[in-house]
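Student: Residue numbers (the numbering used here), protein chains in the order written: chain E, 1 to 223; chain L, 1 to 223; chain C, 1 to 223; chain X, 1 to 223; chain P, 1 to 223; chain F, 1 to 223.
Warning: the hint list may mix true and false statements.
What the hints assert, rightly or not - Quick list of in silico lysine-lysine cross-link-like pairs, BS3-like style, CA-CA up to 27 Å:
(1) X/Lys69 with L/Lys183
(2) E/Lys197 with P/Lys69
(3) L/Lys147 with P/Lys197
(4) F/Lys147 with C/Lys147
(5) C/Lys183 with E/Lys147
(6) E/Lys69 with P/Lys197
(7) X/Lys183 with P/Lys147
(8) L/Lys147 with P/Lys69
(9) C/Lys183 with C/Lys197
(10) C/Lys69 with F/Lys183
(11) X/Lys69 with C/Lys69
(12) E/Lys147 with C/Lys147
(13) P/Lys69 with X/Lys147
(14) C/Lys197 with L/Lys69
(15) C/Lys197 with E/Lys69
(16) F/Lys183 with C/Lys147
(17) E/Lys197 with E/Lys183
(18) C/Lys3 with C/Lys52
(19) X/Lys197 with X/Lys183
(20) X/Lys69 with L/Lys197
(21) E/Lys147 with C/Lys69
(22) P/Lys69 with L/Lys69
(23) F/Lys147 with E/Lys183
(24) F/Lys147 with E/Lys147
(25) L/Lys197 with X/Lys147
(26) X/Lys3 with X/Lys197
(27) E/Lys197 with F/Lys147
(28) C/Lys147 with C/Lys3
(29) X/Lys147 with L/Lys147
(30) L/Lys197 with L/Lys183
(31) E/Lys197 with F/Lys69
(32) F/Lys69 with X/Lys197
(33) X/Lys197 with P/Lys69
(34) C/Lys3 with L/Lys197
Since the hints were made in silico from the structure, they are not lab data.
There are 6 protein chains.
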Amino acid sequence: MIKIEDAGSGVSVLRMTQGENRFSPDFLDAFAAAIDEVEGTARAVVTTGEGKFYSNGLDLDWLSGNGEKFDWYLGRVHALYGRLLGLNLPTVAAVNGHAFAGGGMLALAHDFSVMRADRGWFCLPEIDLEIPFSPAMVALIQAKLPKETVHEAALTGRRYTGPESVEAGIAHHAVAEDEVLGKAVEIATGLAGKSGKTFGAIRRTIYRPALTALTGAAESAGA
Amino acid sequence: MIKIEDAGSGVSVLRMTQGENRFSPDFLDAFAAAIDEVEGTARAVVTTGEGKFYSNGLDLDWLSGNGEKFDWYLGRVHALYGRLLGLNLPTVAAVNGHAFAGGGMLALAHDFSVMRADRGWFCLPEIDLEIPFSPAMVALIQAKLPKETVHEAALTGRRYTGPESVEAGIAHHAVAEDEVLGKAVEIATGLAGKSGKTFGAIRRTIYRPALTALTGAAESAGA
Amino acid sequence: MIKIEDAGSGVSVLRMTQGENRFSPDFLDAFAAAIDEVEGTARAVVTTGEGKFYSNGLDLDWLSGNGEKFDWYLGRVHALYGRLLGLNLPTVAAVNGHAFAGGGMLALAHDFSVMRADRGWFCLPEIDLEIPFSPAMVALIQAKLPKETVHEAALTGRRYTGPESVEAGIAHHAVAEDEVLGKAVEIATGLAGKSGKTFGAIRRTIYRPALTALTGAAESAGA
Amino acid sequence: MIKIEDAGSGVSVLRMTQGENRFSPDFLDAFAAAIDEVEGTARAVVTTGEGKFYSNGLDLDWLSGNGEKFDWYLGRVHALYGRLLGLNLPTVAAVNGHAFAGGGMLALAHDFSVMRADRGWFCLPEIDLEIPFSPAMVALIQAKLPKETVHEAALTGRRYTGPESVEAGIAHHAVAEDEVLGKAVEIATGLAGKSGKTFGAIRRTIYRPALTALTGAAESAGA
Amino acid sequence: MIKIEDAGSGVSVLRMTQGENRFSPDFLDAFAAAIDEVEGTARAVVTTGEGKFYSNGLDLDWLSGNGEKFDWYLGRVHALYGRLLGLNLPTVAAVNGHAFAGGGMLALAHDFSVMRADRGWFCLPEIDLEIPFSPAMVALIQAKLPKETVHEAALTGRRYTGPESVEAGIAHHAVAEDEVLGKAVEIATGLAGKSGKTFGAIRRTIYRPALTALTGAAESAGA
Amino acid sequence: MIKIEDAGSGVSVLRMTQGENRFSPDFLDAFAAAIDEVEGTARAVVTTGEGKFYSNGLDLDWLSGNGEKFDWYLGRVHALYGRLLGLNLPTVAAVNGHAFAGGGMLALAHDFSVMRADRGWFCLPEIDLEIPFSPAMVALIQAKLPKETVHEAALTGRRYTGPESVEAGIAHHAVAEDEVLGKAVEIATGLAGKSGKTFGAIRRTIYRPALTALTGAAESAGA
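Let the hints inform the model, and build the full structure from the sequences given.
Tutor: Structure below.
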């Protein structure tokens, strides 16, 4: 589900290949395994999807048949975000398409992100789905987005195009479709020379409250 | 499921009459409705059960058939604890029997508690059930119990008798079975002369962090 | 003091009609009563004033004759801000004129605000009045304004015109005088389709620290 | 109003000589001046009263004629507690008689306290006066008292005798009337050999949250 | 420096064999390696020393020759405490002798502790050495000790015998010299049947603030 | 090392005259003494350097020979930042040249800053020096910089020119070299009419968490 590609200069690309890349337990397992694999060898990581979607987040199909595991499942999603936020490696999201709900938060959990300029949205539709955010998810969103963007994104469910995302502080670059991955790899390559351990230590200090909230939420769910 | 009895002097007794008094959604509805009813009229509240049980907490039978609502359900339990912790009325738990897991936390959410001296335990068995506590539940437990008791109760799953509960700071009195309710009513009567509004304001200030955690957990679950 | 007008589509307008709309206890009572009234029926709320003023905040005349109630009075103002920040309804401030000191914070306690482009200022003059802010007021200001605006507004007492307020992140729109209310109603109408309960739950999660500070300050003052 | 006496070995005794030792602004000025005086010269400080009272706290007579200064006044009381909690000197309260409300908190702001065994009470009567505590006062009380004592003292207004205060963790010793000062001086003498700077640094680290709350409350009141 | 012994029932004993067991970098390496080794295999861990000392903490000799590494060194000590507090295994300290300063905090970082009844002290002598505690160390001490013991231990430097340690909430048992290890192993054996993962998750939730402070202090020192 | 100049209107200029103005203990003493001197007399303070450097921060030469004092030394640097953040005077940094690492944080600890437009950088190179920030330093940086700038400055070590610093929210103005001091004095003069006590109280309330972190770090290092 996750293909690992070597982009040179110590940069590994994790390509999510499941269409909408929704977070089924198998997908979460594969993602965690991919990070395990690159953690010891790469110096920077880029994640990307294929086609129209970066990730649409929670796997509602799976959930509809496994509702009794919802809490554990949500814990695993929190654990994924926390893993990225705590990693001893720079991370860049090459957001090739839609990044919705949990998939949008996945992008936010990276150090930098590049969006496609022409199509695809960042959107937190929870307000319209009538699903409140967990406190730990809000902690992640607030750690990464400007106050006014947190307010608008979470309370109005606005869909941001790539260029709007850059303006709103959601993404760092919006480029043509076929440059998304290249730009992300370029950023990752620029960071690959840093000490991963120091990078991780500084990032964890900056984002300590969000990291603590995500870890705590994951643990209390037994994930 | 909850019978409301007038104990005089402005003290209302909420008697839980469902055996183990597990928190089915109907039970939670009935409990909330009972509090609604006494909130405007009583000056102090006592809760109690019947027979062997005060309450055994979560309704595992209901959960096994409604797992997909687990998060919402847990939110409702958090909301119940938060409601008691924030009430503009003194509250006393007359713990007539077992107070296990969520039922133990229900007792802790009251201002004072009286246990039966001869039989019945307070127990947080989550460690042995291999279910971690939610952060908000830990906030409640830590708000009410001495540090060493939090440590022992949560990490060892020890069963405390009534007298042991008093010694450990879990309960305030341990008396003979037929004196449990009377003692609780006596305490409530002593508090019924206080201003409920001031009582609530002081309690909410003292327990602000736990109250905030419980309310937040309830809200993010849509409960 | 507060006229309630139906703007259609579930939007209620609360029009403050007392000139400078300073917060006398009667005004605070009327405001609270107006919110009580629309809480169950409206789907979004707009507040506005008349003529030159949106609100100038604390009622210094009343205070000069009732200084002994200052703490309780300030508690009531904190409670008003907390009420708006916690409401299960989207709120929009149609800032038709001056929004000074406590009146400026009133505007900030809304979800969105529209200012008049030609005249009228947002200003926190406390530094020049030599009155420090309460911690809870700072919590509200910091929850809603960008860091650099908090710094400048609170430490220099700068008066921001409507367009300057938009640039500084204080207001969302600055329009011609006769379009202020219309624009605010338009925003409210756009939000009226959301679930108020979910809207409130998300807003309370985002602004939990400010909400807790305001509520705590109100309660410890017996308000 | 405050007499400074040399008890030898670097111990200064601050004797409050105004009967009930209520906190009039003049009293607060005198207290602050006395601390200023001993801060550079003493190695430990003991405070005490005369006759039946240690201190009864707020000066209600003064307040009834100066209600408009209530907020500033309360700020000054918070500042007094904060001053003691932050001092680079060990402090011991020789509680010769009643320590009520604000006077009880004054005793709590010291490092150690000795009460009279036969007469005199520690009491926080705010619940019965229907006056909630400020958040900063609760922070002080919670910093110094065991959880169960905070609960009982603040919610029931119980009057604790000297021996009961020792049992409840409010005071460290309860001795005969004519030994109160001597015991306090003995404790202070034992601490006078410590480095005041280190003592203050450790105390401020332990009680940082309460100190921050008290300082913040004082400052926001312009005290 | 650390011998690993199998005590049966899944209990591993880590025996520190360097006399005073001061924390030289080599000692810290050995301790970390020993934990690495037992983490995957044991179900509970006991630590102990030999002869007169459990541990006397920081290695002042090493420090006097390597002062320029003080910050990194202190970070490593913080990391050690954090490691124990976060471990997915129950831990018991068999305190066979002196547990001073950093060595006392090492004992506190365990889940349970058994002290020798006849000789050996727990002592935090920092006040007399005129060395303030780091905020993270205070966080650990406050997480584990009752308020009044934190106050007395940190501000007076009192030496507590085994029985006094039990009374003050520092240790859980005080037994004859030759029963210290046996009692600790007995406790560990009783806990070895628990799920280590659940045990760790609950412990980390209870002690989240201290764990966060220790981890943060370690990371910012590059340890 | 620090020359105090009178710029009129109650504005004092503290001119750092040691080339790179690295923080040797003597420099820190001189800086503290200069603040002591102007604290009672000035109404606003401007700091500046000479030639190419504003300040390059820590004195690595001194440290290489005094490594054993590193913790105390770092505590003194934290104390310097805290002193500025807590001062009862408006402060303006006239950043005449490089502001690197600790020197950059010195500029951030002022209320306003003016940079040179043509040459000189603001830079936090810790990521490339492989030195994590202390939690208190991160608290200062986060208190003063927009989220996205904290992220970029701390994780990439980017060098910001004056104009880039203004755009990133690091500095308030970028002007020609010979206008830097004049612009800073102009800002200070505009603030010199404010009540210093109120200015300080509001600033301390806004930046309470950073101030508490800096003070705590300084104290626990015995500085």
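Student: Does each hint fit the structure? Answer for all of them.
Tutor: Now the hints, each set against the structure:
The suggested pairing of X/Lys69 with L/Lys183 is violated, with an alpha-carbon distance near 45 Å, which exceeds 27 Å. A C-alpha spacing of about 18 Å is found between E/Lys197 and P/Lys69, which places the hinted pair at or below 27 Å, so the restraint holds. Between L/Lys147 and P/Lys197, the direct Cα distance comes to roughly 22 Å. Compliance with the 27 Å bound is thereby established for this hinted pair. A threshold of 27 Å between alpha carbons decides the hint, and for F/Lys147 with C/Lys147 the separation of about 9 Å falls inside it, so the pair holds.
Taken as a hint, the C/Lys183 and E/Lys147 pair is honoured in the structure, with Cα atoms around 22 Å apart against an allowance of 27 Å. For the suggested pair E/Lys69 and P/Lys197, the alpha carbons sit about 18 Å apart, so the restraint of at most 27 Å is met. For the suggested pair X/Lys183 and P/Lys147, the alpha carbons sit about 22 Å apart, so the restraint of at most 27 Å is met. Restraint check: the Cα-Cα separation between L/Lys147 and P/Lys69 comes to about 36 Å, which exceeds 27 Å; the hinted pair is violated.
The suggested pairing of C/Lys183 with C/Lys197 holds, with an alpha-carbon distance near 24 Å, which does not exceed 27 Å. Of the supplied pair hints, the one linking C/Lys69 and F/Lys183 is violated, its CA atoms being roughly 45 Å apart against a limit of 27 Å. Straight-line distance between C-alpha atoms of X/Lys69 and C/Lys69 comes to about 10 Å, which keeps the hinted pair within the 27 Å bound. With a C-alpha separation of about 9 Å, the suggested pairing of E/Lys147 with C/Lys147 holds against the 27 Å cut-off.
Note on P/Lys69 and X/Lys147: the hinted pairing is violated, with a Cα-Cα distance of about 41 Å set against a maximum of 27 Å. With a C-alpha separation of about 18 Å, the suggested pairing of C/Lys197 with L/Lys69 holds against the 27 Å cut-off. A C-alpha spacing of about 25 Å is found between C/Lys197 and E/Lys69, which places the hinted pair at or below 27 Å, so the restraint holds. Distance hint between F/Lys183 and C/Lys147 is fulfilled; the C-alpha atoms sit about 22 Å from each other, no more than 27 Å.
Restraint check for E/Lys197 and E/Lys183: the C-alpha separation of about 24 Å stays at or below 27 Å, so the hint holds. At roughly 17 Å between alpha-carbon atoms, C/Lys3 and C/Lys52 fall within 27 Å of each other, so this suggested pair holds. Simply put, X/Lys197 and X/Lys183 have alpha-carbon atoms about 24 Å apart, close enough for the 27 Å limit, and the pair holds. Our distance criterion of 27 Å between C-alpha atoms is met by X/Lys69 and L/Lys197, whose separation comes to about 25 Å.
Distance restraint check for E/Lys147 and C/Lys69: the Cα-Cα separation of roughly 36 Å exceeds the 27 Å cut-off, and the hinted pair is therefore not satisfied. Straight-line distance between C-alpha atoms of P/Lys69 and L/Lys69 comes to about 54 Å, which puts the hinted pair past the 27 Å bound. Of the supplied pair hints, the one linking F/Lys147 and E/Lys183 holds, its CA atoms being roughly 22 Å apart against a limit of 27 Å. The suggested pairing of F/Lys147 with E/Lys147 holds, with an alpha-carbon distance near 9 Å, which does not exceed 27 Å.
Among the hinted pairs, L/Lys197 with X/Lys147 is consistent with the structure: their alpha-carbon atoms are about 22 Å apart, no more than 27 Å. A threshold of 27 Å between alpha carbons decides the hint, and for X/Lys3 with X/Lys197 the separation of about 25 Å falls inside it, so the pair holds. As the CA atoms of E/Lys197 and F/Lys147 are separated by approximately 22 Å, the hinted pair is consistent with the 27 Å bound. For the given pair, C/Lys147 sits about 35 Å from C/Lys3 by alpha-carbon distance, which is inconsistent with the 27 Å threshold.
The hinted pair formed by X/Lys147 and L/Lys147 meets the criterion: a straight-line CA distance of about 9 Å does not exceed 27 Å. Pair hint L/Lys197 plus L/Lys183 holds up; C-alpha atoms about 24 Å apart against a cutoff of 27 Å. In summary, the hint linking E/Lys197 to F/Lys69 is supported, as the alpha carbons are separated by about 25 Å, within the 27 Å threshold. Straight-line distance between C-alpha atoms of F/Lys69 and X/Lys197 comes to about 18 Å, which keeps the hinted pair within the 27 Å bound.
At most 27 Å may separate the alpha-carbon atoms for a hinted pair to count; X/Lys197 and P/Lys69 meet this at roughly 25 Å. Pair hint C/Lys3 plus L/Lys197 does not hold up; C-alpha atoms about 30 Å apart against a cutoff of 27 Å.
This entry does not satisfy hints 1, 8, 10, 13, 21, 22, 28 and 34, going by the numbered hints stated previously.
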